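K.L.:
In case you want the letters, here they are:
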Amino acid sequence: MSEAKNVSDEQINALIDNQLAADERARLLKLAENDSALAQRIAARRHLKEMISSAYLKREPRQERAVVAGTRMKWPSMAAAMALFTIGVVSGITGHLTYVSLEDKTNIEQIAMLKAAPDKMILQIDSHDPKRMQSALRDAEEILRKSRDKNERVQLEVIANATGLKMLDRQSPYRDKIARLSSENSNVKFLACGAGMQKMRNKGQPVNLMSDAIVVTSVRDQVARRLNEGWSYLRE
Amino acid sequence: MTIFNWPFGQEAKNREYFLSQRKRMYRVAYSWCHNDALADDLVQEALLRAYKYGQKLRDIKALDGWLFRILKNCWHDELKRRREMQDIDTVPVFATDDTAGEYYQAELLQQVYSAMAKLPEAQREVVSLVDVAELSYEQVASALEIPVGTVMSRLNRARTSLRERLEKNCQETVATIIPFGVEHE
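Keeping their order, the protein sequence lines are chains A and B.
Under the working numbering, the first sequence has 89 at position 89, and the numbering climbs by one with no breaks.
Under the working numbering, the second sequence has 386 at position 150, and the numbering climbs by one with no breaks.
So here's chain A without its partners, still in its complex pose:
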């Protein structure tokens, strides 16, 4: 039957993918009833489609189980979860908090359940990209201003590591701004990753910290400690 032979593979695809209008679908099915070759072509395509969809159907994300209140999460998961939580709220306020990079597989569903008040925050900057450093300081300033306006006292730590340490260098163009933020807000601290400073020294690029900066052992230890204490984690 020539009409059946003229049915293209694209039409068969559209049929098995439910992309045809009802009348066209009915027409093709009627043709297939009377033409075994067309019926087999349709069946073969459908079988292939089912093979592909079935092959991936049971693949599941490697997610952890939902956290029950009071259960301690591994710190990277918690960091990621808190970062995701806070980015949703902080970005709405500051408008320029950028992408949060995750280094751990997080159960993102957990984030929706997190209701912790982010009144304690640690903000990490790990790049000397001027845009990111400026963004970090803008965010810090905005967080402090918002909390001041609402008469709520947020605790904020801005921690620099890797090349982000250059933000805290005495020669940094942001020195004055950091000094002003520190003097006006006793609830903000600027921290430098000690391990990162050592690495910079080893590379022959020592960082001479401004007086407002405090050296901590490492960014990882500090963030882990703060997260265990219930702080929120942000990353510029």
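Watch out, some of these pointers could steer you wrong.
As the list claims (entries may be wrong) - Covered by chain A, according to a simulated footprint, are these stretches of chain B (three or more residues, beta-carbon under 8 Å): (1) 257 to 266; (2) 347 to 361; (3) 367 to 375; (4) 379 to 393; (5) 396 to 403.
What the hints assert, rightly or not - In the EDC-like style, the derived pairs of lysine to aspartate or glutamate whose C-alpha atoms are separated by at most 20 Å in a straight line are: (6) A:K49 with B:E381; (7) A:K49 with B:E400; (8) A:K49 with B:E403; (9) B:K354 with A:D176; (10) A:K58 with B:E400; (11) A:K5 with A:E24.
Please keep in mind that the hints were generated in silico from the structure rather than gathered at the bench.
Since this is a predicted model, take the numbers as computed values, not measurements.
No residue lacks a Cβ here, since even glycine has one placed at the ideal position from N, Cα and C.
Put chain B on the given structure of chain A with help from the hints.
P.N.:
Frame of chain A, contents of chain B only:
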């Protein structure tokens, strides 16, 4: 003390919708990269971007195409970074109890993954979005930012290639005689 409010209204609805799509997105991401960890990362990154930019979207019908467009962009970013696909020969063979299900043996799964991985990137993206994500052609066109006609032609080439490869590699399974009466409504 709370200084920031949890999103509500449309934002909350969108957030809930994004979360509900995680498994679906993962399967599509996996069908593109065939790497568990990378698929996880791609979905995570896509959801982050969706959170950031999609809170105000109101057309729920358009969310699917939009969400998978983000996933595609994340995947393309990753490809740019890597500039090479994982050698499919190194993709591990999955244990039967891992993914096989009652109809598919691990070996057949491996053949499907292998055939998919050997498709040109553009074709694999289309067939994944149609068969794994179950998007309409229009939604696929929106996600990939190509015309519907291109979706149809890529899909056809992809399915033709897949069938040829699978027939060649596992004839006994793919060439199973399908009972007549193909439409069971």
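K.L.:
Now look at each hint and say whether the structure bears it out.
P.N.:
Evaluation of the provided hints:
no.	hint	in the structure
1	257 to 266	holds (count 6)
2	347 to 361	holds (count 3)
3	367 to 375	holds (count 5)
4	379 to 393	holds (count 4)
5	396 to 403	holds (count 4)
6	A:K49 with B:E381	violated, 23 Å
7	A:K49 with B:E400	holds, 14 Å
8	A:K49 with B:E403	holds, 14 Å
9	B:K354 with A:D176	violated, 56 Å
10	A:K58 with B:E400	violated, 24 Å
11	A:K5 with A:E24	holds, 16 Å
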